[in-house]
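> When you get a sec, could you build the whole thing from the sequences and use the hints?
Residue numbers (UniProt numbering), protein chains in the order written: chain A, 1 to 223; chain B, 1 to 131.
Keep in mind that the hints were calculated from the coordinates and are not lab data.
Any given hint could be a false lead.
To be verified - Sample of chain A residues facing chain B (criterion: CB under 8 angstroms; computed from the structure):
1) R77
2) T78
3) F96
4) E122
Claimed, not checked - Straight line, CA to CA, 20 angstroms or less: simulated PhoX-like cross-link-like pairs of lysine-lysine:
5) A/K142 with B/K106
6) B/K73 with B/K21
7) B/K33 with B/K21
8) B/K83 with B/K73
9) B/K101 with A/K142
10) B/K45 with B/K3
C-beta atoms are modelled at their ideal positions from N, C-alpha and C, and glycine is treated no differently.
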Amino acid sequence: MDLIEGNLELKEIQKLEGHTDRVWGLAWNPATGVAGIPAVLASCSGDKTVRIWQQNPSGQSSGSWECKAVLEETHTRTVRSCSWSPSGKLLATASFDATTAIWEHIGNDFDCVSTLEGHENEVKSVSWNSSGTLLATCGRDKSVWIWEVQPGNEFECVSVLQGHTQDVKMAQWHPSVDVLFSCSYDNTVKVWAEDGDSDDWHCVQTIGEPNKYCTLTHLSCSL
Amino acid sequence: MVKLCMRIISLTFLNHIRDIKDPEHPYSLEELKVITEDAIEVDDKHSHVRVTFTPTVEHCSMATVIGLCLRVKLMRSLPTRYKVDIRVAPGTHATEAAVNKQLNDKERVAAALENPNLVDMVDECLAPSYD
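Written out as structure tokens, the structure is:
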């Protein structure tokens with residue numbers, strides 16, 4: 001009833017402090033916050049680190065979030081974006097240092113188990129597909145990369161998608177099918193899919209007119 | 001009275017940027033008329049500042065560097081509540097829209113400021129000259 005009547009009020013329950021520079025992105029661990037598992041949140045920052053926050057089980061909604069881990073000494077520049085795999089077991093972090101790091105929760109720590117290199121400059125976004133078998137990254141070098149998750153936390157690049165004529169700001173997978181969306185400084189959104197026969201990824205649609213004076217920085221799919 | 005206050009605020013902010021050195025010529029932005037007294041518009045109530053600068057030539061390749069210098073100087077001088085928009089004076093640059101877009105792209109600016117070469121250039125322009 002409150003929702004319909006507009007009686008919604010947002011109340012700040014806690015301010016999480018620790019980062020020493022701008023926080024660029026946040027991601028909730030999808031395997032937490034349900035079934036009695038305390039919610040886990042990752043934040044990434046211009047201070048080159050990623051912080052993992054967890055709600056104290058006894059605290060409930062009244063606060064008591066704590067910083068459980070600081071993922072540091074890996075990225076050498078701003079960490080721009082972070083994303084958990086659908087299983088919640090891996091965390092991907094995209095950085096201006098042109099790499100994407102993959103972290104695994106082992107015991108009480110997070111270890112960097114893989115570093116994806118290839119982009120020529122700043123990586124701006126990282127996204128897992130719904131089954132957690134593919135990872136997409138994009139950046140200022142105008143390209144979108146698709147990586148396949150292999151056994152033993154190995155990642156193999158299966159495609160480098162060219163087509164955008166400027167900075168690619170964000171890449172996001174469709175919530176249920178393996179279709180990838182990317183949006184760019186060139187004012188277009190591109191839709192990428194795999195060709196059934198050749199397993200080649202290509203652009204199946206471009207939305208918007210290239211290079212008209214606008215930038216697309218965010219994508220969101222509704223179900 | 002309010003108008004006088006606004007004028008004082010504008011001039012105070014202008015003082016932060018008028019002596020910035022041009023990246024290519026040994027003169028200040030004010031001396032080169034890249035920045036004039038009308039360059040700064042302040043909306044103090046909404047914590048908004050707009051800076052308009054005029055590159056010396058239409059194809060000025062240093063336009064984005066000058067814009068970055070302006071942003072950095074104001075970032076270091078103004079209270080953090082201010083949102084700063086930087087633009088080239090309409091009609092004064094060949095790729096005006098592209099330059100304006102880059103200068104106001106938070107992500108691009110942040111990435112540029114992590115580039116040591118660019119930061120050195122900016123710091124050079126911002127350094128006071130004791131002539």
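> For each hint, tell me whether it holds in the structure or not.
Now the hints, each set against the structure:
{"no.": "1", "hint": "R77", "verdict": "5 angstroms, holds"}
{"no.": "2", "hint": "T78", "verdict": "6 angstroms, holds"}
{"no.": "3", "hint": "F96", "verdict": "5 angstroms, holds"}
{"no.": "4", "hint": "E122", "verdict": "5 angstroms, holds"}
{"no.": "5", "hint": "A/K142 with B/K106", "verdict": "18 angstroms, holds"}
{"no.": "6", "hint": "B/K73 with B/K21", "verdict": "11 angstroms, holds"}
{"no.": "7", "hint": "B/K33 with B/K21", "verdict": "12 angstroms, holds"}
{"no.": "8", "hint": "B/K83 with B/K73", "verdict": "13 angstroms, holds"}
{"no.": "9", "hint": "B/K101 with A/K142", "verdict": "17 angstroms, holds"}
{"no.": "10", "hint": "B/K45 with B/K3", "verdict": "13 angstroms, holds"}
Checked against the numbered hints listed earlier, the structure breaks none of them; every hint is satisfied.
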